[in-house]
Amino acid sequence: MKKLFRSGEPFIWLTGGALASSLIIVVGLVTLILTSGLGFFWPANVLRMTLRDGTVVTGFVVERERVPGKTGDYRIKVQVANRDLYGADFQWMDEATIARRDYPKNVVVIERTEWGLLIGTIREVRESGRTVAVGPQQGLAELERRLPDAARARREIRRIEKSEVGAINYAQEKIRLGLQRLALGGVTSGPAVESLRREMAILQTRYQEQEARLADLRGRQTASVVVTADGGKDKDLPLIQLLHIDAPNAMSLPGKGVRYLARVWEFVSDDPRESNTEGGVFPAIFGTVMMVMIMSIMVTPLGVLAAFYLREYAKQGTFVSTVRIAVNNLAGVPSIVFGVFGVGFFIYVLGGSIDRLFFAETLPTPTYGTGGILWASLTLALLTIPVVIVATEEGLAAIPRGTREASLALGATKLETTLRVVLPAVMPSILTGLILAMARAAGEVAPLMLTGVVKLAPALPLDGYWPFIHLDRKFMHLGFHIYDVGFQSPNVDAARPMVFVTTMLLLLIVVLLNLFAIATRNRLRRKYATSAV
Amino acid sequence: MAIRTDTLREISRARTSRRIVLDRWASRLVILGGVIIIASILAILFVIVGEVWPLFRKPTATPAGTYAVPDATLASGPAVGDAVGVDEYREIAFAVTQAGTVSFVSLKGAAVPGPVLLPALNGGKVTVAAVSSKGPLLLGTSDGRVIPLEMKFDVTFTEGGRTIIPNPVFGDVSSFDPEKKRAVRRLALAAPPSGGVIVAQVGPRDLVVQTVVEKKALIGGTRRQEALQALTIEGGQITALALDGRGEDLFVGTSRGQVIQYDIRERDALKPIDAVAVTASAAVPVTALGFLIGDRTLVVGDQAGGVSTWQVIPPPGGGPRRLTRVYQFQGHPKPVIALAASKRDKGFATADGAGDVKVHYGTSGETLITLRADSGKPLHSLVLAPKGDALLVADQTGGLLQWTLDNPHPEVTLRTVFGKIWYEGYSEPAYVWQSTGGTDDFEAKLSLTPLIYGTLKGTFYAMIFAVPMALLAAIYVSEFMHARVKGYVKPVVEIMAALPSVVLGFLAGLWLAPIVERIVPGIFVMPLVMTASILLTLLGWRLLPIAIRGRFKAGTEALVLVPVVIAAAWLAFWLGGLLETVLLGGNYRGWLLSALGLTYDQRNSLVVGIAMGFAVIPIIFTIAEDSLANVPQHLRAGSLALGANRWQTAIRIVLPTASPGIFSAVMIGFGRAVGETMIVLMATGNTPVMDWSIFNGFRALSANIAVELPEAPEGGTLFRVLFLAALLLFGLTFLVNTLAELVRLRLRQKYRYL
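Heads up: the sequence lines are chains A and B, in that order.
Final position of the first sequence in my numbering is 548; the numbers increase by one with none missing.
Final position of the second sequence in my numbering is 761; the numbers increase by one with none missing.
Keep in mind that the hints were calculated from the coordinates and are not lab data.
Where a beta carbon is used, it is the ideal one built from N, C-alpha and C, also for glycine.
Nothing false has been slipped in among the hints.
Sample of chain B residues facing chain A (criterion: CB under 8 Å; computed from the structure):
no.: 1; residue: I27
no.: 2; residue: A33
no.: 3; residue: G41
no.: 4; residue: I45
no.: 5; residue: I55
no.: 6; residue: E501
no.: 7; residue: I502
no.: 8; residue: V572
no.: 9; residue: N652
no.: 10; residue: W654
no.: 11; residue: T684
no.: 12; residue: F730
no.: 13; residue: A733
no.: 14; residue: L736
Only chain A is shown next, with the shape it has when bound in the complex:
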């Protein structure tokens, strides 16, 4: 035994244990996120439980755990949904109280525009109060016939609300600002003002026309479905609020697979509903991507320029090594400090000045003097610029001296050498740095919370109105979405699967970017390993 300890073998095994634990945690976490996230889209079967006292509870089983204080007893957490009928989405059930479990074929799960899921059986379908189909089978068939129509109407209403009414509002706002600008210039009457006012009046009538159209469309949708939930409660749901209806227990496996893919697509392409706890995350994806792109446009040339200066142009000495240490350290400065800088400098100093110079008519409502995608991107550019500088510098250092000297010896100037010899050779390093910077930026949340991210942005930073890219707008972000839905939402339990899915998406983006960077770097290393010989 003593000999064994003296050989050091136990300690080696202990160090190995530490590594094994770390690896298990990483793999475990990633697996947890993937399974929870991917499972969310699967149309699970609905369980009906008949309790010993005769009550019936229908819903999805979410969790199973030991009853605290009792050994051997388990309880399950059931998502009973029907928040408008029961008040709560979830219910804990002691398994000991359950007498019978089955999966009835006629239970339907309805996604609707408000109040979350609805679980129950179809009693009848109505049209203007008149019953047109009775019972689960007939009802479902009738619904399948009518739903495309209702969906079309809903899309039409949304289109009118969003694009046509939105366009009118946008034009009205422009005119109001125009009037304000004239007033600031001392013009409060005259032909210019008159013509603007006339336009305003025209827009107002157009607005009323659209409103009338909307009222008409809404009025024509009179079909509804009556669903009986547990406890005999009926819910009369207008078809226009019904997004999707499934009878998961009656679905075949391929059918479920199709539905699964449809739900994945819905998640990445739809707008969020019900304070972000349902629907999709398209605006958040869009905001994240756009912010990262703006940041990349900023950070690449600046970082590369700084790296070239440090490595190729500056005289190497104490000053440059000090700067290099400072830049390296900047990478270790907490991201929230960059956010604070973004608030203090970009928003209030730069943004405030821009507002005073160019957007005086909207003051005191700030345009650039408040958080926005531009400031968030700039802040992140600053945060990630050390990454690009360090990567580029490493690449520059790896280029053999002979390569440069050969170019210079052939009579090329330094600029020509830099552009035609050094830059192509260092390109992969720049790319690696950029990808790492993008990965860091995509996952960073704290500075964004201060510089322009919001839980729900009314409009994307890119749209059809001049000048198309609105850098002053606030935006949504996947990382902030996780924080907001997971911690600020009123119904955290119901929102949890959504958070897992968003987490999975963010993780995929970040990990893929990183793997890409690692692969690029490895290829690069191999290339230099051969060229150095």
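Starting from the known structure of chain A, fit chain B onto it as the hints suggest.
Showing chain B alone in chain A's frame:
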């Protein structure tokens, strides 16, 4: 031919020179660009310092002019007490003269109306004026009556500016002396919604208390019921009066240096409850009493020039509430004759008769500004402008002096930010962070100490978890692991480093915290169980026939251990549950509370330690592994050749050589943990408490910035204090990282010679 060569040369030269010019310009451009970029990166520090700087600027006062109250000379100046006031924009000041006029003084050259005579004065004189936090200005007369005066300033905004018209509104006159003989000497009032109280001093020891009860009758609106009661003070003469705005306590200052506290909540049974000596000795009378905004802190000025603040608070050990001294301020050379509280913050000003004026701040206990009024005449009264941006004093003959005050952040000094401060309602000085409150008179408590404490606490627990794990793993990977397996492990660690902290925070807060809550005892036995199982595995491994062992290459132990570690974790949780039932009575939380006096928060430092530790492990691991791998190979070879085994080589040769690199790895990990925001924001309760319990949460500097900065108005005190917090984080991480970097550079130089 020659010509052509020449032309060619000419062309070539021209092209060359253009290339050279281009090259030169490009160089300049790159240098300029590089310097600008680097300078702007470093500008971060300056911007943050620039925002913090105004917090610690010394407050200043600038004389803004001297004025004279019209008619004042005729009637020997303004009345005693708070007889002077000024409007919000500091355009018009007013003074109530002893002759019974309200006179207006234009401070910025605008036209002012002439004096307004008090109604129904009937030949009497105004003897005293008194203000309160809410309610009108009260004027006492020489024939024992009290006239309320509400001074309104009607502001109209027109093109090119604003016009301010003073509009004095007089209330109902009430008589405090039916015989109309005794003059009102001092006055105090409170106007709570339940009914007002006015206390008037009519004799050296005699007070008259008027209480107003408004009763709602069933029919016919409200009925006002006024009642007068006389009150005689024992022990000295009355020298000052103060009444809190809630109408609960009356404080009477006496000529024997005492403050007598009366409980006046029962309006028909006024009773003295305490008498406290507030001056240096009984020979030093109290000369001025007043409340700071919020009516919780009592300011006492005395004959010897002393200024102090007092609060009715329970003593630290518990017991009845008593008037207790909080701060002693810088005193005056002469008796304090007037004091005025700010309507904005906990600031106040005091003046002595000889012309010294001081501005103090109640929260910090500091005297900010000392001024000298050189009018040569004794001062009479003192007022702070409604916005707290100016100070006016009046002398006996109606001379007015104005100073503008530049004092934007009086509540912040180094001591209030880092030290213990005695806040209102606290029984002793404490470190508190509480930046916003529900009411206007809320006292902001901006101590960064609990937040720094929280940051260090979170970092400490994270490091406890991360440092051993990361270093052991790094030693294993660099020294013992098989090269081929290494190629797979490193990308996994890099993925671990890339996990966004918001993901870790979410998992910690919503997934890990409820699990940890169930298995706390298991977590604490886990290191032991883990070690034991690994050692047992090793023993078992050695018992295996060599034929099986031989299939595994040296350096793959970690892979063998993966199932062992998973099994050990299960075993630990099971054992933990067993221990809990057997030793802790089946409920560890109850045991914690009863045996150790600890409470358990679901989102606590343990959860943060695990989650943040997890975020820090890859950083420490990568740098430590790098520095271990950089130890020259011939050192290892030499050691092994001399007969040391691989563990001895790793521990005695490689580790000491790489120790600076490992130090810098730990430092950089520390820097990351200090600044981590999302994990602490999501996995702690964010309560700024100060204790080291692993089962409680905390609030870190970084999370505090993330929570409060979006709500802080630009340029305000909170805004700047949050910038100060950011500066601290910046400074701390920059320092730690620079240290680590320097150590690493030294290390690299050392290897050069090995």
